[in-house]
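Chemist: Chain by chain, the residues:
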Amino acid sequence: MNYLDELATLLRERGVSEDRIRSTTDDLSAFLAEGDLDPEEEFGPPTEFADDLVGEEGPEPAPESLVWAADSFAATERLNELGAQGWEVDRVDRFGRFVSHRGEQPQIWEYRQEIAPGRRERERSLGRLAPEGWEPAGHYFTFAYFKRARAALVGPAAELAERPEPTRKRFFWSPAGLLTIGIALVVLVISLYSLGGTLWEGDNADRVATMAGAGVGALIGVGAVLGVFWLVARVRNR
Amino acid sequence: MDRRSSWLKGVLDLLVLAELTEGESYGYALAAGLDEAGFGRIKGGTLYPVLNRLEEAGLVVAEFRAAEKGPGRRYYHLTDQGREVLAEQGAAWLEFDTSVREVLKKGGVR
Numbered sequence: 001m002n003y004l005d006e007l008a009t010l011l012r013e014r015g016v017s018e019d020r021i022r023s024t025t026d027d028l029s030a031f032l033a034e035g036d037l038d039p040e041e042e043f044g045p046p047t048e049f050a051d052d053l054v055g056e057e058g059p060e061p062a063p064e065s066l067v068w069a070a071d072s073f074a075a076t077e078r079l080n081e082l083g084a085q086g087w088e089v090d091r092v093d094r095f096g097r098f099v100s101h102r103g104e105q106p107q108i109w110e111y112r113q114e115i116a117p118g119r120r121e122r123e124r125s126l127g128r129l130a131p132e133g134w135e136p137a138g139h140y141f142t143f144a145y146f147k148r149a150r151a152a153l154v155g156p157a158a159e160l161a162e163r164p165e166p167t168r169k170r171f172f173w174s175p176a177g178l179l180t181i182g183i184a185l186v187v188l189v190i191s192l193y194s195l196g197g198t199l200w201e202g203d204n205a206d207r208v209a210t211m212a213g214a215g216v217g218a219l220i221g222v223g224a225v226l227g228v229f230w231l232v233a234r235v236r237n238r
Numbered sequence: 239m240d241r242r243s244s245w246l247k248g249v250l251d252l253l254v255l256a257e258l259t260e261g262e263s264y265g266y267a268l269a270a271g272l273d274e275a276g277f278g279r280i281k282g283g284t285l286y287p288v289l290n291r292l293e294e295a296g297l298v299v300a301e302f303r304a305a306e307k308g309p310g311r312r313y314y315h316l317t318d319q320g321r322e323v324l325a326e327q328g329a330a331w332l333e334f335d336t337s338v339r340e341v342l343k344k345g346g347v348r
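Residue numbers (my numbering), protein chains in the order written: chain L, 1 to 238; chain R, 239 to 348.
For reference, chain L alone in the conformation it holds in the complex (with noise of 0.2 Å):
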């Protein structure tokens, strides 16, 4: 089959009407008895020009992308560790999870978690470290995370050869994290059972005034633990 049958061939495969095959390789004949030229190195393979002519480029390869998880513990480790893969974290999503693609080329990124309770202690944080080469890349709850390419540091000798293959896990707990969780779940039990029992016993007089209770020393609890945070957060951005 010459060059011309076979562009016809694929141009059908293609749904292209038969007219405009007909008129499509009659003038591409033409091309090439104008410049006695050959048509294989005039117009490439002939699967390819088909899909040029046609307009079909193929889709961009999608880039790989992995949605994993850490606790705070952890978190720095798995990031940098990930990080030296090629993953690039795009946000932190609203359950606390990284959001992250690794693209034709990945590249190492480093990645660094800030205590940085509000906008206003996240922005002091990109202050400070934005002139080291770090950029946001998220927030959940008290937590920022920061990245930064290697290649700000050390040029193109931070793009990576190879790109080994993701592990299966997605979430990655650490000793601290469970023992943390862990406690905050055995002090929540003791103290729902205590305010149950009180107010199973008492009359409604008490039942008020212990939801009020139970309510006020959330707050507080929650804001101590919060204010811990802001303070240290203020420490180091100063």
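The set of hints was computed from the structure by calculation and includes no laboratory data. A few of these clues could be false.
What the hints assert, rightly or not - In silico SDA-like pairs for lysine to any residue, Cα to Cα no more than 25 Å straight-line:
#, chain 1, residue 1, chain 2, residue 2
1, R, K247, L, G35
2, R, K247, L, E40
3, R, K281, L, D52
4, R, K281, L, L160
5, R, K281, L, R12
6, R, K281, L, E41
7, R, K344, R, K281
Note that the structure is a prediction, hence the values are computed from the model and not measured.
Chain L is already provided as a structure; the job is to place chain R on it using the hints.
Modeler: Relative to the frame of chain L, chain R by itself:
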């Protein structure tokens, strides 16, 4: 892809539109015109997909004419929309070209 090819890729459609401002033309004549202008031999494998895209976008209209001898040819002519796009995108290219020149000049390129 060498550097010239990648430059050409960004501007070939505008060059084809500009060639057609003087009147209708066909594939081989367009390639020859660009060669003469100093762009080198542009292969049919590069030119025809561009012509097809311009036709699909309504910037050129193609008319197939049978020849008395040998295969027929497709003749292209510019549409009003093609003229508009050429004016607009051509100006954008010149602006780009000016910026490139300025920066290169600063870098000592003469």
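Chemist: Could you tell me which of the numbered hints above are not met by this structure, giving the numbers in increasing order?
Modeler: 4, 7
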